[in-house]
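Q: Using the hints, put the two chains back together into the complex; each one sits in its own frame.
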Amino acid sequence: MRESTIMKIHYGTALAAVALVAVHILMRMTMNFADSLEYETVLANYKFIPYAIMLELILVLLSIHGFNGLRVILLELKQGRTYEKAVSYGCLAAMFVLIAYGSRTIIMTNMGMV
Amino acid sequence: MAQVSDVADNQYSRTKTLRIARYNPEKDSEKQFMEFSVPVEKWTTVLETILNVKQHQDHSVGVRYSCRQATCGSCGMIINGKPRLACFTKVSELDSDVVTVEPMNNFPIIRDLAVKFERLFDTHHKIKPYLDRDDTELESDAKEFLQSPEELEQYIQFANCIKCGLCNSACPTMATDSSFVGPQALAQAYRYVADSRDKGKDSRLKIIDESHGIWRCHFAGSCSQVCPKGVDPAMGIQLLRGYMLGFKS
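For the record, the sequence lines run as chains A and B.
Going by my numbering, the residue at position 111 of the first sequence is 111; the numbering climbs one at a time, nothing skipped.
Going by my numbering, the residue at position 110 of the second sequence is 110; the numbering climbs one at a time, nothing skipped.
Everything labelled a hint here was simulated from the structure, so no lab data went into it.
None of the values given here were measured: they were computed from a predicted structure.
It cannot be assumed that every hint is accurate.
Derived pair list, reagent style DSSO-like, types lysine-lysine, alpha-carbon separation capped at 30 angstroms [as the list claims (entries may be wrong)]:
no.: 1; chain 1: B; residue 1: LYS27; chain 2: A; residue 2: LYS78
no.: 2; chain 1: A; residue 1: LYS85; chain 2: B; residue 2: LYS126
no.: 3; chain 1: A; residue 1: LYS85; chain 2: B; residue 2: LYS201
no.: 4; chain 1: A; residue 1: LYS78; chain 2: B; residue 2: LYS163
no.: 5; chain 1: B; residue 1: LYS229; chain 2: B; residue 2: LYS54
no.: 6; chain 1: B; residue 1: LYS31; chain 2: A; residue 2: LYS78
no.: 7; chain 1: A; residue 1: LYS78; chain 2: B; residue 2: LYS128
no.: 8; chain 1: B; residue 1: LYS248; chain 2: A; residue 2: LYS8
no.: 9; chain 1: A; residue 1: LYS8; chain 2: B; residue 2: LYS128
no.: 10; chain 1: B; residue 1: LYS229; chain 2: B; residue 2: LYS16
no.: 11; chain 1: B; residue 1: LYS126; chain 2: B; residue 2: LYS206
Looking at chain B on its own, in the form it has when it is part of the complex (with noise of 0.2 angstroms):
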């Protein structure tokens, strides 16, 4: 059985074109791709084929990656025209002869694949990221705050969060509205309201009440397609909504 394995895969080991695109926003008038022969095996993903390129071709090429393991969150890129994380994508998942890599959209380029974050880290650090409530010291007796698995249930696939930008990226709403707090904070928005451990719900609903807060999501869907942790921000977004309707208490 090995055997046939190894056959199989030394029968998909071939070469494929990457084009990166390349762009200095300190020199460049407008992006350029540069193409690259790049081998690859059935298991290379694409951040391989990258630093491939990067080793023994082209030292210059700009990417933002750490983990290799989609933990991170650092190498999310436009992959083949869609928003993916290099280090999870494989090459043969592609089922094309020709790779494209681009920087995230809706980012400031640094330069090349590497983009800017510090909207995404802002609008994140203002939905308050965190568990906000008067007693967090906890009582040398007591006990820790304690959640039933169906509290747990309301927002911890929300937890799953890397704040990669995906989202954000492929969000038709932050193309064009400078000022939207976009799904990846929207979602975490909703992850704190729903932890029953939380109490500083309405001063979070408040901060996302706002003529570019939660209102000018359109529910294109695009945000929860792309995650590569499987967070559904686009629900998320709704069942906020939903908070501020009063349809959740």
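In isolation and in its complexed conformation, chain A is listed as follows (with noise of 0.2 angstroms):
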């Protein structure tokens, strides 16, 4: 992939994050911030479709921005063929297994199987 589409969805992502995570943010203004954080509260959250989706959002956008971010800064790092393929081939598994992981938690909760 060309390094300016890499960097379109870069930007991108970091534009679309910082609009969710506000809503995100907003929705726990509706109530007390420590009330907010209950365990049966958080659990509702992930329950409430609408939400969860979000949730799945903002994971997918923070992994794919975080991860890219992290390829650039550890190709500023160090240069090589070799290197340069494991940064970017590494960055992009951890970021699917990131995504795994984040969408088993989830869609597990909404299914109450937690």
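A: So, in structure tokens, the structure goes:
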């Protein structure tokens, strides 16, 4: 993939994540902050499908943005064909692992398996 | 009036300390500084003090220079911590009794103040620094490729680049990323992309659109601060990004 395409995705995910995290924070403000962190309240959020979809989107957006940022930092630290391939594929793999693990948590909680 | 000026100039005449970084990669393990006392006048440039040392005190000081008028871009070095052209920097403007000269950062050292320019020339050459179009041969009755003043304004400041390497020396990304294209080449890429006569925009953008290309610039802006010719490479890079993100066509 061209670097400009990757960077368009990088900037796009940043903007979308800021918007969704803002919604997430505003939702916390609908009640007392301490209450919003109560076990039952958190579970209720996960079971509310639109909210669970938003959490999944935040997970995907931040994973893409964060791991691409990490890739960029690592590419600037050291150069070399093998190293750069390892960094790119390593970050991609780590991103998929994190998304899979986070999605598993969201899905299991939504389905009442926790 | 002339007499008053002469008196003022004579009052300025004094001796300053010139600290020159000495390093020969074939013999030395690290850089060392040698101090020389040099006479300076109000108009004396740093290059003149170095040449004074070479002429009267130590012939072995390694320095590259040519035109002495900020045109050839040969005498770039770090002067009192900042990348500057030695021929374009007066000792009096430094406002210091000690003038320290070192080789430019981010360039391999040949000896003392002279550095290798291979990386700069390679990256400059890589971005195709020429007008790229199929019909370069003019027909006998055709006019030259005309431009309006507005079209010229798009790139003219970037055409002032003398390839002195000061921008690459000041760039923090160049210091860590040995494959980075660098502000000099990126500014020149913009210079040709923005030229209405050029038809090679797509191929040129493709060259800089790689993992160590234009996207690795952090917009520190130090390249623009040190340019002795008033070129603003940081702005060129941002404008070039505009093309790549689709804000400009």
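Q: The structure should be examined with respect to each hint, and the outcome stated for every one.
A: Structure-based check of all given hints:
As the CA atoms of B/LYS27 and A/LYS78 are separated by approximately 28 angstroms, the hinted pair is consistent with the 30 angstroms bound. A C-alpha spacing of about 23 angstroms is found between A/LYS85 and B/LYS126, which places the hinted pair at or below 30 angstroms, so the restraint holds. The hinted pair formed by A/LYS85 and B/LYS201 meets the criterion: a straight-line CA distance of about 28 angstroms does not exceed 30 angstroms. A threshold of 30 angstroms between alpha carbons decides the hint, and for A/LYS78 with B/LYS163 the separation of about 26 angstroms falls inside it, so the pair holds.
Simply put, B/LYS229 and B/LYS54 have alpha-carbon atoms about 27 angstroms apart, close enough for the 30 angstroms limit, and the pair holds. Straight-line distance between C-alpha atoms of B/LYS31 and A/LYS78 comes to about 25 angstroms, which keeps the hinted pair within the 30 angstroms bound. Proximity of A/LYS78 to B/LYS128 is assessed by CA-CA distance (about 27 angstroms); at most 30 angstroms being required, the pair is judged to hold. For the proposed pair B/LYS248 and A/LYS8, the alpha carbon gap of about 15 angstroms is at most 30 angstroms, so the pair holds.
At roughly 25 angstroms between alpha-carbon atoms, A/LYS8 and B/LYS128 fall within 30 angstroms of each other, so this suggested pair holds. A C-alpha spacing of about 27 angstroms is found between B/LYS229 and B/LYS16, which places the hinted pair at or below 30 angstroms, so the restraint holds. Of the pairs offered as hints, the one joining B/LYS126 and B/LYS206 holds, with about 11 angstroms between alpha carbons and a cut-off of 30 angstroms not exceeded.
Going through the hint list in order, the structure satisfies each hint without exception.
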